[in-house]
Amino acid sequence: MPLDEYDKIAHLLRRAGFTAHPDEVDVAAARGLQATVEDLLNFERFPDVPPDPEILAALDLPQSEFDQMRGNFLDKLTRWWLHAMVTTSRPLQEKMVLFWHGLFATSVAGLEFWQQIYLQNENFRGNFDPDTGQLLRPAPGNPFPVGNFRRMLEYLSKDPAMLYWLDNQFNVKKNSEVGSNENYARELHELFSMGVEDVVAKVPNYTERDIRQASRALTGWRVFPRATGFTFPRVFAFDPMRHDFGPYDHLGKRGGTNADFIFENIVRHRNPGQKQSAVGRFLGYRLFKFFGYEDPEPEVINALADVFDGANGEEPFNIRNMLRTIFTPGNLVSEAFYSERAFRAHVKSPTEYVVSLVRLLTFDRATGRPDGLSSSSNLMRLLRNGMIQMGQQLFAPPDVSGWREGLAWISTTSVLSRFNFANDLLAVPVAQGGIDVTRLIAQMGLQEAMQQRRYGDVVDLLARLLWQIPPSPDAREALITYLQAPSTGVRESDLVNVKIRGLIHLMLAVPDFQLS
Amino acid sequence: MTKTTRREFIKKSGMTVLSVGLGSQAFWRHVRAASESVLTQAAALSPADRILVVIQMDGGNDGLNTVIPVSGAAASLYRQYRPTLAIPEANVLPIGTDAAGTLVGFHPNLQPLQDLYAQGRVAVIQSVGYPNPNRSHFASQDIWHTADPEGRKRTGWLGDYLDLAFPSAENPLLAVSLAGARLPLTLRAEHVLVPAVGSVANYQFRTQPPGDHQNKMQAFLALNRETASDHVLREQIRLAALDTYESVQMLQSGIQRYTADPAITYNSQNPLARALQQVAQILAANLGTRILYVSIGGFDTHQGQATPHATLLSRLSEAVAVFYTDLVRLGLDDRVLMMTWSEFGRKVVENGNGGTDHGTVGPQFLIGTRVKGGIVGEHPSLRAEDLNPGLGDPKFSARAIDFRSTYATILEKWFLVDSREILGGAFELLDIIRA
Numbered sequence: 001m002p003l004d005e006y007d008k009i010a011h012l013l014r015r016a017g018f019t020a021h022p023d024e025v026d027v028a029a030a031r032g033l034q035a036t037v038e039d040l041l042n043f044e045r046f047p048d049v050p051p052d053p054e055i056l057a058a059l060d061l062p063q064s065e066f067d068q069m070r071g072n073f074l075d076k077l078t079r080w081w082l083h084a085m086v087t088t089s090r091p092l093q094e095k096m097v098l099f100w101h102g103l104f105a106t107s108v109a110g111l112e113f114w115q116q117i118y119l120q121n122e123n124f125r126g127n128f129d130p131d132t133g134q135l136l137r138p139a140p141g142n143p144f145p146v147g148n149f150r151r152m153l154e155y156l157s158k159d160p161a162m163l164y165w166l167d168n169q170f171n172v173k174k175n176s177e178v179g180s181n182e183n184y185a186r187e188l189h190e191l192f193s194m195g196v197e198d199v200v201a202k203v204p205n206y207t208e209r210d211i212r213q214a215s216r217a218l219t220g221w222r223v224f225p226r227a228t229g230f231t232f233p234r235v236f237a238f239d240p241m242r243h244d245f246g247p248y249d250h251l252g253k254r255g256g257t258n259a260d261f262i263f264e265n266i267v268r269h270r271n272p273g274q275k276q277s278a279v280g281r282f283l284g285y286r287l288f289k290f291f292g293y294e295d296p297e298p299e300v301i302n303a304l305a306d307v308f309d310g311a312n313g314e315e316p317f318n319i320r321n322m323l324r325t326i327f328t329p330g331n332l333v334s335e336a337f338y339s340e341r342a343f344r345a346h347v348k349s350p351t352e353y354v355v356s357l358v359r360l361l362t363f364d365r366a367t368g369r370p371d372g373l374s375s376s377s378n379l380m381r382l383l384r385n386g387m388i389q390m391g392q393q394l395f396a397p398p399d400v401s402g403w404r405e406g407l408a409w410i411s412t413t414s415v416l417s418r419f420n421f422a423n424d425l426l427a428v429p430v431a432q433g434g435i436d437v438t439r440l441i442a443q444m445g446l447q448e449a450m451q452q453r454r455y456g457d458v459v460d461l462l463a464r465l466l467w468q469i470p471p472s473p474d475a476r477e478a479l480i481t482y483l484q485a486p487s488t489g490v491r492e493s494d495l496v497n498v499k500i501r502g503l504i505h506l507m508l509a510v511p512d513f514q515l516s
Numbered sequence: 001m002t003k004t005t006r007r008e009f010i011k012k013s014g015m016t017v018l019s020v021g022l023g024s025q026a027f028w029r030h031v032r033a034a035s036e037s038v039l040t041q042a043a044a045l046s047p048a049d050r051i052l053v054v055i056q057m058d059g060g061n062d063g064l065n066t067v068i069p070v071s072g073a074a075a076s077l078y079r080q081y082r083p084t085l086a087i088p089e090a091n092v093l094p095i096g097t098d099a100a101g102t103l104v105g106f107h108p109n110l111q112p113l114q115d116l117y118a119q120g121r122v123a124v125i126q127s128v129g130y131p132n133p134n135r136s137h138f139a140s141q142d143i144w145h146t147a148d149p150e151g152r153k154r155t156g157w158l159g160d161y162l163d164l165a166f167p168s169a170e171n172p173l174l175a176v177s178l179a180g181a182r183l184p185l186t187l188r189a190e191h192v193l194v195p196a197v198g199s200v201a202n203y204q205f206r207t208q209p210p211g212d213h214q215n216k217m218q219a220f221l222a223l224n225r226e227t228a229s230d231h232v233l234r235e236q237i238r239l240a241a242l243d244t245y246e247s248v249q250m251l252q253s254g255i256q257r258y259t260a261d262p263a264i265t266y267n268s269q270n271p272l273a274r275a276l277q278q279v280a281q282i283l284a285a286n287l288g289t290r291i292l293y294v295s296i297g298g299f300d301t302h303q304g305q306a307t308p309h310a311t312l313l314s315r316l317s318e319a320v321a322v323f324y325t326d327l328v329r330l331g332l333d334d335r336v337l338m339m340t341w342s343e344f345g346r347k348v349v350e351n352g353n354g355g356t357d358h359g360t361v362g363p364q365f366l367i368g369t370r371v372k373g374g375i376v377g378e379h380p381s382l383r384a385e386d387l388n389p390g391l392g393d394p395k396f397s398a399r400a401i402d403f404r405s406t407y408a409t410i411l412e413k414w415f416l417v418d419s420r421e422i423l424g425g426a427f428e429l430l431d432i433i434r435a
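These protein sequence lines map, in sequence, to chains W and Z.
Going left to right, the first sequence walks through residues 1 to 516 as this note's numbering numbers them.
Going left to right, the second sequence walks through residues 1 to 435 as this note's numbering numbers them.
No lab work stands behind these hints, which were simulated from the structure alone.
Keep in mind that a hint or two might mislead.
To be verified - Distance condition first, Cα-Cα at most 20 angstroms in a straight line; then the derived EDC-like pairs of lysine to aspartate or glutamate: (1) Z:LYS153 <-> W:ASP52; (2) W:LYS76 <-> W:ASP52; (3) Z:LYS153 <-> W:GLU208.
Here the structure is a predicted model, which is why all the values come from computation and not from measurement.
Given these sequences and hints, build the entire structure.
Written out as structure tokens, the structure is:
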């Protein structure tokens with residue numbers, strides 16, 4: 001059964017962003033699917049989230065002082081990003097920053113200067129210039145988050161956190177076979193651009209020698225330890241004394257004097273007999289897996305790779321064009337995206353889980369936006385701690401290959417941690433960071449419905465808010481039974497509040513809310 | 001989804017008490033044909049009775065100050081390289097002579113472990129590591145967790161064992177980690193879900209207010225007992241929720257079967273002792289748990305190492321000894337094997353800060369009633385030619401022992417399975433377990 005227009009729009013908002021409040025779906029439906037897609041894609045039309053003055057101030061602290069508060073810094077940074085994801089007017093931008101953080105996974109666990117992880121996050125937003133170390137909104141020339149991938153590889157390779165994380169700052173000229181440290185060159189091929197094998201043809205994309213040769217081209221890439229005006233290393237530096245000027249043998253070509261040769265070879269690399277590039281397929285696979293479903297069909301991957309390659313005359317290597325293909329109805333890829341197979345077939349990561357629930361529960365119907373949130377609130381602290389229990393600490397992925405997504409998020413530990421997190425969120429008083437359900441009760445008319453014992457209506461209304469699908473008859477029955485069941489020790493005047501909180505808790509803990 | 005059919009039946013028919021023996025058919029399939037004789041000898045202890053407790057020493061334990069050379073070239077070089085950190089010979093607790101004729105002994109704070117050693121309950125495996133040692137905590141721990149020196153595997157060696165031996169995995173408590181909220185990679189499997197139980201007391205569904213708890217849990221169960229849908233992901237999440245519910249019930253009701261013995265005191269100031277007491281509680285509950293995982297951190301002793309390292313060794317040996325005593329009391333000692341590991345040893349040469357830096361090989365302990373006590377292998381040679389040039393840590397020499405030999409021995413001789421598929425090859429077996 002094909003999705004109807006309402007389902008399509010709700011699906012699009014959930015995936016290209018974090019959630020679909022029924023009011024937002026109504027607004028988007030009035031605007032139309034096509035126009036909604038363009039609004040999401042051209043997010044520059046809408047205001048960006050502001051930087052946090054406290055975070056900016058911390059960047060100027062002397063290192064010894066910073067190190068004493070770096071745990072707080074990371075906490076603050078995480079809350080700032082979560083707050084941005086909940087409140088943003090540019091949901092697709094935040095989703096893409098999260099995508100790059102998972103793909104180019106960098107952890108503070110491997111960093112000496114934790115400030116660099118903030119610069120990397122701004123780099124992924126397009127707001128950092130590695131050549132000057134400056135934060136600019138936006139930084140001219142920075143291709144992130146949806147621009148030219150060929151240039152992204154350059155901005156990624158110059159990123160201070162990345163230069164520290166994968167040791168490329170130590171990579172110096174060695175001999176005509178290899179640089180002194182091949183760690184970054186390896187991950188550049190294996191994890192960041194094409195993968196060991198062609199995603200479709202399943203043939204090796206490169207040889208060990210290609211990696212060794214690429215490591216030569218990446219020698220002499222460093223970070224100025226002390227650039228004027230900065231308290232920690234944040235300016236990219238090219239050191240010709242440490243650099244191996246080639247020529248290099250890389251992916252079947254010989255030549256080059258620097259890493260431009262390597263980046264160019266990577267993005268254009270095609271395996272023999274293959275119409276699509278290896279990188280186009282890899283990114284097509286990763287993007288569709290992130291926004292659509294696991295294990296996309298080869299035709300879907302190839303169609304996205306064609307867009308990457310510019311096979312139809314479009315500008316090559318452009319990520320926004322690939323996203324447009326996924327979301328705009330009327331092509332093979334978007335047919336897969338809006339298919340029944342894709343519908344509610346994505347397991348929410350802990351980030352998606354907490355962001356979606358907070359956005360839905362703090363949504364003010366009067367203003368059409370989440371309301372009453374601040375990045376310094378206890379609520380954001382609850383989110384951050386809850387996510388650690390659920391196994392996802394932003395800025396600290398388990399290793400360079402990022403988090404295992406999809407069903408890997410589901411374990412007995414995650415079931416329990418999500419259940420308990422939802423309980424705490426709804427049990428904690430508003431003053432201590434809990435959710436204010438009073439407004440929600442008022443705006444949804446739940447008080448009257450409860451008093452008139454229209455329990456089925458209450459369940460339906462909250463299912464529409466939280467699940468965006470009608471409850472199954474069994475689920476509806478179980479939830480009505482819960483609302484009717486007497487609870488001991490609860491004052492009559494608190495009963496509606498207690499039962500609505502309990503109902504929301506249950507609805508956040510069951511399978512329907514784990515899926516998007 | 002055929003795998004879930006049986007569980008469906010169990011869950012729908014309300015039979016929430018699970019039989020431990022369900023996986024044994026599959027288990028026996030994997031028992032090597034060649035191990036017939038081993039099986040006969042081990043008849044007194046069925047495979048389903050065998051339990052492994054893994055003790056991780058997180059941070060890179062200084063093996064040279066744990067098992068200390070007392071005689072020969074190693075002893076004099078040890079004292080020479082460690083002017084401030086060497087343990088005075090008079091304080092070392094001698095345990096015996098290794099294969100190379102070097103007399104070795106324990107750090108003085110390992111007295112409780114030496115008592116167990118004297119009873120033949122401890123095997124000391126010397127110079128354990130792997131070729132081309134990685135000196136990053138992160139990378140080397142992953143190598144030990146996955147048994148893959150390439151560091152490419154995403155599942156752990158014991159996770160692989162669980163998948164292989166328990167393909168239908170009906171018991172949600174086949175393995176339990178008591179090492180924090182994050183599941184150690186060792187136990188990560190493709191199919192078997194292993195709970196990371198931070199602490200048994202906190203492994204519960206929290207609900208507020210208390211007066212509504214029963215209502216909520218009934219609703220939660222009902223919502224997850226819904227008619228099976230053909231939505232595969234939703235089914236998987238639903239089954240994980242039921243598994244969780246069962247594991248919480250089993251654990252919370254099970255541990256009440258454990259009663260503490262006033263004569264056996266787990267030191268509440270010792271985190272490892274607290275964790276091992278919870279292991280004892282789970283084992284006493286007889287829930288069919290086969291693997292338990294605990295961890296003790298702080299071994300990354302780059303500066304001022306003497307006191308903190310001594311404290312850690314004292315915690316380790318005290319916790320292991322009291323746990324063993326409790327196992328004897330509970331009549332479980334025969335069934336439990338303990339294995340310690342640490343991601344690497346430390347450099348021979350002490351650094352300028354009264355500490356030691358990341359090194360290579362180190363000792364492992366195997367502890368239990370069924371252990372064949374003694375010293376296996378040789379103390380690392382500290383001669384200049386046997387150290388990595390410029391790095392000051394022992395080479396992984398031909399006399400060193402690959403950690404996968406320890407794993408292979410546990411898999412083959414304790415769990416009675418073919419280790420080759422799990423470890424990606426055959427490794428020499430060690431004579432450390434009594435049949």
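Hinted pair Z:LYS153 and W:GLU208, Cα distance within 20 angstroms:
Roughly 19 angstroms between the alpha carbons, so the hint for Z:LYS153 and W:GLU208 holds.
Within a Cα-Cα threshold of 20 angstroms, do W:LYS76 and W:ASP52 meet the stated pairing?
holds, 9 angstroms
Between the alpha carbons of Z:LYS153 and W:ASP52, is the straight-line distance 20 angstroms or under?
Violated - the C-alpha atoms of W:ASP52 and Z:LYS153 are around 39 angstroms apart, more than 20 angstroms.
The structure fails to meet hint 1 from the earlier list, while all remaining hints are met.
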